[in-house]
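K.L.:
Below are the chains, spelled out letter by letter.
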Amino acid sequence: MTLQDTNTAAARAPHIGQAHRRQTARRHLAGRGRFVSDIVLPRMLHAAFVRSPMARGRILEIDTRDAEQSPGVVRVFTARDLNPSCKPWTGTLDHFATMVSAPQNILAEEEVLWAGHPVAMVLARTRAEAEDACELVMLDIEEGEACVDGHAALTGDAPRAAPGLDSNLCFQTVLETMAVDAAFAGAAHVVEGDFTFGRHTAVTLEPRSVVADFDAASEQLTVHHGTQTPYQFQDIYARHFGLAESRVRVIAPDIGGSFGMKLHLYNEEMATVAASLKLGRPVKFVADRLESFVSDIHARDHKVSARMALDAEGTILAMEVDDMTQIGAFSTYPRTSVAEGNQVVRLMGAPYRMPDYRGRLSVVFQNKVQTSQYRAVGHPIACAVTEALVDKAAARLGLDPFEIRARNVVPDDAYPFVSATGYSFEKLSHEACLAKLRELMDYDALRAEQAALRERGIYRGIGIAPFVEITNPGAAFYGVGGARISAQDGAVVRLTPSGEVQCAISVTEQGQGTETIISQIVADQLGVAPEQVKVTTGDTDTTPSGGATWACRGAGIGGETALRAGRKLQGQILALAGQILQSDPADLALADGHVVDAQSGTRRMPLAEIGRIATYRPDTLPEGADNSLTAAEHFAPSGYPFDFTNGIQASLVEVDVETGIVRLLKHWVVEDCGRIINPLLVDEQIRGGVVQGLGPALFEECLYDETGQMTNASLADYLVPMACEMPDIVIGHVETPTNDTILGAKGVGEAGTAAAGAAALNAVNDALSPFKAEIRQTPMTPLRILAALGHV
Amino acid sequence: MKSPAFDYIRARSVAHALEAYRSLDGEGVYLAGGHSVVPSLTLRLQAPAALIDLSGIDALTGISLDDGWLRIGAMTRHAEVAADPMIRDHAHLFHLAAPHVAHPAIRNRGTIGGSLSLADPASEFPAVALALRAEMEVAGHDGVRRVKADDFFLDIYETAMEPGEILQAILVPPVRAGDVAVFDELARRRGDYAMVGAAVQAVVDAGRVTDISIAFFSVGNKPTRAGAAESALRGARLDDAVIAAAQSALDADLDPSDEPQMPASVRRHLARVLLGRLLGHLGTTA
Ligand SMILES: Cc1cc2nc3c(=O)[nH]c(=O)nc-3n(C[C@H](O)[C@H](O)[C@H](O)COP(=O)(O)OP(=O)(O)OC[C@H]3O[C@@H](n4cnc5c(N)ncnc54)[C@H](O)[C@@H]3O)c2cc1C
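Here the protein sequences come in this chain order: P and R.
Mind the numbering: the first sequence is residues 1 to 792 in the working numbering, read in order.
Mind the numbering: the second sequence is residues 1 to 286 in the working numbering, read in order.
In isolation and in its complexed conformation, chain P is listed as follows (with noise of 0.2 angstroms):
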């Protein structure tokens, strides 16, 4: 059977593509949620840390008696207790050739290099009164300049942002075609723009949190910890403390959101499994929402000066991009900060024939919160210059926003194609999305009341934006840069003596329903209903290891898994079903919790009773007979080294050209991520993943002060999207399976947020044109709406 014709048989499947409801859902309504915060130890120490209050300083002086003696306190631990039972982290990987970034631990030792660098530790009975005792300890730090600009912190006798680097690059590096010069000399028109994006931050519902539980009895480690990547972090916690791996065990229960966010490493998980080691008793940590805007990982912060040249036809004929990526005092680990700049001067201009292209990327340290991987890492960065540039040169030819990207797509049948920046894309789809969006919207029906609605001084602005996203990685991403991150996954699969179906399977669940997906593609291999699969995620000790959720991987790669283990053990239940009916396992099937004659459907004998009999009689059956009921299987993705998806999204506004706001009328996508496993969840992921594309283009950034301090930290003046301000969301999609594996599935979960940005962009532009106004910087502000249009 070739992979194309399996293909077409999942498409039959009963489960696979419909809309199942996620199977957590109810227990979450019902308050039965089990969080890390839920979890509630003997003998548990509650943590909480006192962080330096500026930027840049020296440590003169730590006094931590009166913190001591208040009521409730254990220990106060500094960098001289914790640091030495722990090996540092440097966050830099081999692929990223010359990368640098300082090693990091802890808590601070000398140098203080973020406000809200932890400095100090806490552990009380209960959480305020160790917040009661860090008021008591008393910090002296010498003030120090801190790098703030990434710009400024370039120049020759800029102050080191972190001690021990020779300059504030992280890492820089090039990448470009032969001919670019030539494009831009011969090119008829040429248009560019220098683009600034904020930082902001992903404010998940459930914030950072961490048990560790330390038994040094039995020397095993255990550590309830809310993440997307358990087994990443069992290989840290092992690794830097010195454990063995199987001493080690990483338990991520319900996830309130992760977004990338909770994969990397911070210094109060660490602090929080050194205390526990230290003490031998379980030290509980979560981060309140203050402290999460200091020390959760930022997002983005970019500046961007890119330029585009076009024929006198409007075809792209090339892209020059200058990036500069600000992350903060170090780089992460272990997956950088690099990644999402390197995306960034990748994806540029890759939905388009483009044949030259370079990219410049510059990464830059600062003393701010670190910036790192967060959903749809640079994507929509790329996506806004490049279709900001695209909307400009139509307006320089006269032609409309579509008509111009129906001349640059990659045409549908050209595939497989290699672009600019030297992505392999299997198959993508931009041509009949366009088609697709273009009736979704009834685009001329929207152009016409735009114009109508202008004459009465309403401005109206519509703005589309195609995208590529990555989806599917495999080990190019980090492994062959060296880092222990799984490229693969893993799973279990089992059938129970009462003929049900169990899967342990190594991707994780933060709210997305991979669970639901994983139960679905299980159910169709063995002939069950999904709700008689149980999954079980996100523990170290009981599902095989692999790379769980991250860069849109969890139905691709981990539905991929499940499949193939879900089919070996067909293969098994049937091939003992044809020893306890005398008949050729080819001539059976399994549908309806039945083993059934292939051909006729007929019912044959029940999975109970395979179950009951492989169990309780395995002396009934023939001599010889496997009565394994248990099948693993590990899959990583070869062939591409990812899976490609694409799509495209409209947005239409209003901006009151008077006060500089915008409202957010409609928005539309049209998304192909290969099969669908579950229409409703993917429209799940794409309308959530929109909203954190809106958000940024319009509310959330992380404001700092020239001195560094971060000047709105709280959810009062950090604004995040809310219900009233998101616009309908319609969703249409195309579905081209990547031939790559049997599932036929890509990615979708950072669709929604990798061009939202960049529609709402164009669309404001569009509002904006009448006055000859442009804005180039998000979040797009009322201020900043205001500057544009001369106002202020």
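Bear in mind the hints are in silico, worked out from the structure with no lab data behind them.
Note that the structure is predicted; figures quoted are calculated from it, not measured.
Don't take every hint at face value.
Stated by the list, open to error - Here's a subset of chain R near chain P, in silico, CB distances under 10 angstroms, partners left out: (1) 5; (2) 43; (3) 103; (4) 188; (5) 189; (6) 192; (7) 266; (8) 274.
The beta-carbon is built from N, C-alpha and C at its ideal position, and this holds for glycine as well.
Add chain R with the ligand to chain P, keeping to what the hints say.
P.N.:
Showing chain R with the ligand alone in chain P's frame:
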């Protein structure tokens, strides 16, 4: 964040609350809806020895009409302010403003007395009280006194109440013939504190403004009457030229501070736009 430990006293009467406050020697804080106090505790911005809960005091509740004056008890929740028919008819500006205060969950707890006592310059109700020329009924150890709204709001989080005094009620003057009210604010998200907002209470007679009071919020360290703009409007017809004159006059009325995310010039610009729109609206409402 967790708040430091504190005691809790449930006051039975205004006298009991005053006495409790005195006995705490400056270490007590009154608790009304708690939606400003409790966050300030968990943010560890203050650490009182005790909270004195006012929510059980009958004298602070109720909405009644007395000799044309509407009396709104200090413990009236924002949600009641929005829904109550007497407030709608006799203090229409409060009715218009209430839906702009925060979100439903907060409006279910927050109280009008708490909002006015706190005197946050970004809050809606203090400006409404100014525009309505309301009076505050304040109880202290020396008895009860009335303070005009114009004299009540002194500075950021500062009122004419002495420490320990209790705001018992808000008194709104009788409705006049031709009274019209308009209210609006410019906020980045629904329910947020506004970038700028204004409450306007006017008497319009045959197209002519015979009386008007305009109060801005979020433009300075306290809610601010726009006296110069009011003068430009009083006695005039609401035509484009008059509205433009009122907008220009605002420069003399408002003195917003420069903030990195909101320079004074932008706030002035927004105030002019908002006033223009409100006056346009007033012209069509009257
Ligand atoms: C997320 C959020 C958003 C908000 N948005 C807005 C908004 O958009 N606009 C707005 O105006 N407000 C907003 N608020 C504030 C909210 O309206 C508050 O509830 C209100 O300002 C204070 O009222 P309270 O009854 O909660 O007072 P409390 O918090 O209980 O008390 C406030 C202060 O007043 C004192 N006090 C209370 N009552 C009396 C009294 N009768 N006599 C003397 N002193 C008294 C207290 O001691 C305290 O100092 C918001 C609050 C939150 C949490």
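K.L.:
A separate judgement is required for each hint: does it hold in the structure or not?
P.N.:
Right, here's what the structure says about each hint:
no.	hint	result
1	5	holds, 7 angstroms
2	43	holds, 7 angstroms
3	103	holds, 9 angstroms
4	188	holds, 6 angstroms
5	189	holds, 5 angstroms
6	192	holds, 7 angstroms
7	266	holds, 5 angstroms
8	274	holds, 8 angstroms
Checked against the numbered hints given earlier, the structure satisfies every one of them.
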